[in-house]
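Peer 1: Each chain, written out:
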Amino acid sequence: MNERITTESSVRARASAAMSADQLAALSRGFWADAWKRLLRNHVAMASLGFLVVLALAAILAPLFLPHSYERQDLLALYASPSGTHWLGTDHLGRDLLSRLLVGARISLTVGLVAEFIIISIGTVMGSLAGYFGGWVDTLIMRVVDALYAFPDLLLIIIVMSFLKAQFGGAVAGWLMPLAALNKALGGLLGVFIALGLTSWLTTCRLVRGQILSLREREFVESARVLGARPGRIIRAHLLPNTLGPILVAATLGVPNAILLEASLSFIGLGVDPPMPSWGLMISEGVQAVQSYPHVILAPAIAISLTLMGFHFLGDGLRDALDPLLKR
Amino acid sequence: MRRYVVRRVLALIPTLLLIYTIVFFLMRATPGGPWDETGSRPVFPEIRENLMRKYHLNDPLWKQYVDYLSGALHGDLGPSYRQRGRTVNEIIADFFPISLQLGLAAMVVAVGVGIPLGFVAAIRQDSWIDRGLMLLAVIGISTPSFVVATVMIVVFGVYLRWVPTSGWSGLFSRQALIPLFALALWPLAAVARYSRSSMLEVIRADYVRTARAKGLKELAVVARHAARNAMIPVVTITGVYLAFVVTGSFYVESVTGVPGLGRYLVLSISARDYPVIMGTTLLLAVIVMIVNLIVDLTYAFLDPRIRYE
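Chains A and B, in that order, are what the protein sequence lines are.
Per the numbering used here, the first sequence starts with residue 1, numbered consecutively.
Per the numbering used here, the second sequence starts with residue 1001, numbered consecutively.
Hints listed in this document are in silico derivations from the structure and should not be mistaken for laboratory results.
As the structure is a computational prediction, the values presented were derived from the model and not from experiment.
You may find that some hints are simply not true.
To be verified - Listed below are several chain A residues computed to face chain B (Cβ distance under 7 Å; list not exhaustive):
1. F163
2. A185
3. L186
4. L260
5. F267
What the hints assert, rightly or not - Among the chain B residues that face chain A by a calculated CB cut under 7 Å, a handful are:
6. I1013
7. T1021
8. N1058
9. T1150
Glycine included, every Cβ here is placed at the ideal spot set by N, Cα and C.
Isolated chain A, as found in the complex (with noise of 0.2 Å):
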């Protein structure tokens, strides 16, 4: 980490004793107002974030005022190219692209967002603990994090996911019920929302740990300890705070990750149920096609790419809004 958090932390951990709950709190809040000003400055972000939230609200409104519906088929008119009526034309069962394509963007953002939170709070919790107390919490941490790395992820992903399809889609009783009956009502999300959150916190995880097993050692945190500050406390105003740096690059690749895992998955058939619009979904049905409709997979093919953009160049700003020193 660069040295003014590590200075900031350790004025912190020293005055830790003498200062108020409330000084301390105001401290930190001037460090977040310094970096939202900075983020203000930076123009690629903010239009990234521009953007995204364009995106967000076209996605929630959008379809409320949309002419066509996503799963309604124009059987007069399959394959259409853009036109006055059909804006981005029409699929191979005739269906409204642009409805599609909206409809698709509220399930990336949504897994995006829903997906990475679950799995950097399970990452970050992991991490820490098994990096500041070592031993066997460690070792038992990281051998389940070892097991489930030695698997390609995207195979864990798609036997976990091939179970829960199968789990929710058949004759359902029990304690099952009623999660099969919300992943229903989410059009298969939630299974996509326990594959990703179970399978992909590794990362994480190991980045965090790793930053705390060099940070444990240094001065600051060994003067927090002597002065009698209890492990929950350490880990939480100490390492975690010079760990924001890491983990928010983390979550910047992970965003995007998890949208692009989703995609993935509907793109071979084991992501949202059809008819719900997935662009991986609508970029699997525009292959079939490709060489004669290319405006089929076009559309989908540049919004996916657009919005992993976004979160990317947003997590960029981001991270050098927290992290001064980085941009001299």
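Following the hints, complete the assembly by docking chain B onto the known chain A.
Peer 2: Frame of chain A, contents of chain B only:
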């Protein structure tokens, strides 16, 4: 250090057992079997019964669990259910070399090109080189491999007719360029980004300033002092990409028609060809675990401050 290596190698055993157990029970707990009736090919109950008996699928679950495990330990991964008369060992021998070649080549390209690009961008921070490279990197990360492969096939195969639209004729043919590029692009871009941000953190450290103050040339400062520490985060991440790539991206292989193990494996999952799934998974797991062990050892070698008690 030696004790650490021995301990890690021994630790592979329970880890492998855990993976075997997870896959075994998840696959068996999933409804549907290898001889489910499909509309076009009815399976008579007597025939299914005989098949089940032949492959010991009627045995108690614990017996199947132990039997397959003991076979695997003797290097016998069992028969394939889907391709009668072929063993999993033969299938792996057929399909894996292609995935391995393609994956290793993609990884070499990704690391060999990604790390230097990232370092150059960091050293020339905020120049047009930096901005240009990072824009390309973000585009690389943001484009799914199946989109890259499809678009390249349409452009180079359909419109320009430079390469056949699908198939495989060896790693050193023009045809291999599309799968190679599609597979390498994402890790390349990610490696470049990580290399850049980690070099940016290192390059302002006191010891780098000291190296400059001693009057060392910029190249020596970067190559001998900064690069070693800047490599640490890149190395930890490289293991992940290697795992991602070596297992053969199913998407790249299937879209470009490369007959590799990744594509075969996913077909096997939907066909519930248990022995193929299990054998392939165990093979990949062993490879990835060995890679991860090497990564961890490199980690300690690159940064002696990291302690393994």
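Peer 1: Each of the hints needs a verdict: does it hold here or not?
Peer 2: Outcome of the hint check:
The beta carbon of F163 of chain A comes within 5 Å of a beta carbon in chain B, closer than 7 Å, and the hint placing it at the interface holds. Because the beta carbon of A185 of chain A sits about 22 Å from the nearest beta carbon in chain B, more than 7 Å, this interface hint is broken. A hinted interface residue such as L186 of chain A counts as satisfied when its beta carbon comes closer than 7 Å to some beta carbon of chain B; here the least separation is about 21 Å, so the hint is violated. Contact between L260 of chain A and chain B, as hinted, is supported at the beta carbon level, the nearest pair being about 6 Å apart and thus within 7 Å.
For F267 of chain A, the suggested interface contact is upheld, since its CB lies about 6 Å from the closest CB of chain B, less than 7 Å. Given the 7 Å rule on beta carbons, the hint for I1013 of chain B is violated: about 11 Å separates it from the nearest Cβ of chain A. Look at T1021 of chain B: its Cβ only gets to about 10 Å from chain A, farther than 7 Å, so that hint breaks. For N1058 of chain B, the suggested interface contact is broken, since its CB lies about 21 Å from the closest CB of chain A, more than 7 Å.
A distance limit of 7 Å between C-beta atoms decides the matter here; for T1150 of chain B the minimum to chain A is near 6 Å, and the interface restraint holds.
When held up to the earlier numbered hints, the structure conflicts with 2, 3, 6, 7 and 8 and fits the remainder.
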